[in-house]
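Okay, so the sequence shown: first residue is 1 according to our numbering, each after it adds one.
Accuracy of the hints is not assured; some may be wrong.
Using C-beta positions, here's what the derived DEER-type ranges look like [as the list claims (entries may be wrong)]: (1) D81 x A149: 31 to 41 Å; (2) G47 x N5: 36 to 46 Å; (3) L135 x D89: 15 to 25 Å; (4) T107 x R46: 18 to 28 Å; (5) L45 x P113: 28 to 38 Å; (6) G29 x K3: 14 to 24 Å.
The calculated DSS-like cross-link candidates involving lysine-lysine, where the alpha carbons are at most 30 Å apart (straight line), are [stated by the list, open to error]: (7) K147 x K3; (8) K62 x K147; (9) K146 x K7; (10) K3 x K146.
What the hints contain is simulated information worked out from the structure, not anything from laboratory work.
These numbers were taken from a predicted model, which means no experiment stands behind them.
We treat Cβ as the ideally placed atom computed from N, Cα and C, and that holds for glycine.
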Amino acid sequence: MVKINRKWAVVTCLMALLIWGNSLVPGSGSGSLSLTVMEAIRGFLRGVGLPYEWVTNFVVRKCAHFTEYLVLGILATHAFDFEGRRTFDVLLPTAVFLLLIPSIDETIQLFVPGRAGMITDVMIDCCGAATGVVLRYLFRSLMCAKKAA
1 MVKINRKWAV
11 VTCLMALLIW
21 GNSLVPGSGS
31 GSLSLTVMEA
41 IRGFLRGVGL
51 PYEWVTNFVV
61 RKCAHFTEYL
71 VLGILATHAF
81 DFEGRRTFDV
91 LLPTAVFLLL
101 IPSIDETIQL
111 FVPGRAGMIT
121 DVMIDCCGAA
131 TGVVLRYLFR
141 SLMCAKKAA
């Protein structure tokens with residue numbers, strides 16, 4: 001049985017709601033926000049003398065997908081309380097959760113004007129979530145090794 005850490009579960013659910021809330025923004029508003037972020041990043045890179053042409057609206061949007069799910073992956077590992085449990089006992093419910101959230105996210109977008117649900121975005125989201133889970137495991141392993149030393 002998986003032990004749920006209630007405090008982290010609330011934070012994890014709030015993050016999922018934030019993600020879904022972003023999906024409810026019509027395409028024009030979402031596109032405008034992405035363009036604003038793109039111009040800010042380009043301006044920063046230009047200001048420090050680095051190449052900036054590679055920063056496109058597409059790159060910003062896909063990085064946003066990856067990043068928000070990376071955070072969700074980290075939060076989910078806290079919520080499903082990996083401490084002192086066998087890895088598989090919590091990995092399966094965590095993986096199911098981290099597959100359902102982006103699937104629902106992209107389904108929401110099917111009903112929002114100017115948006116489209118895309119399987120490639122679900123894949124990017126899952127990669128971000130998996131990266132978050134791995135980073136959390138690595139951090140925990142490093143902390144345990146530091147305590148043992």
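key: Straight-line alpha-carbon gap K146 to K7, limit 30 Å   = 26 Å, holds
key: Range agreement (Cβ of P113 with Cβ of L45, hint 28 to 38 Å)   = 33 Å, holds
request  = For the pair we were handed, K147 and K3, check the Cα-Cα distance against 30 Å.
outcome  = 24 Å, holds
query = Does the Cβ-Cβ separation between T107 and R46 fall within 18 to 28 Å?
reply = 38 Å, violated
ask   = Is 15 to 25 Å right for how far apart the beta carbons of L135 and D89 are?
value = 20 Å, holds
request  = Could you say whether the range 31 to 41 Å given as a hint is met by the Cβ separation of D81 and A149?
outcome  = Check failed, 25 Å falls outside 31 to 41 Å.
ask   = Is 36 to 46 Å a correct range for the gap between the Cβ atoms of G47 and N5?
value = 42 Å, holds
request  = For the pair we were handed, K62 and K147, check the Cα-Cα distance against 30 Å.
outcome  = 37 Å, violated
message = For K3 and K146, compute the direct alpha-carbon distance and say whether it is at most 30 Å.
response = 26 Å, holds
message = 14 to 24 Å was suggested as the range; check whether the CB atoms of G29 and K3 agree with it.
response = 40 Å, violated
Hints 1, 4, 6 and 8 from the list above are not met by this structure, while the remaining hints are.
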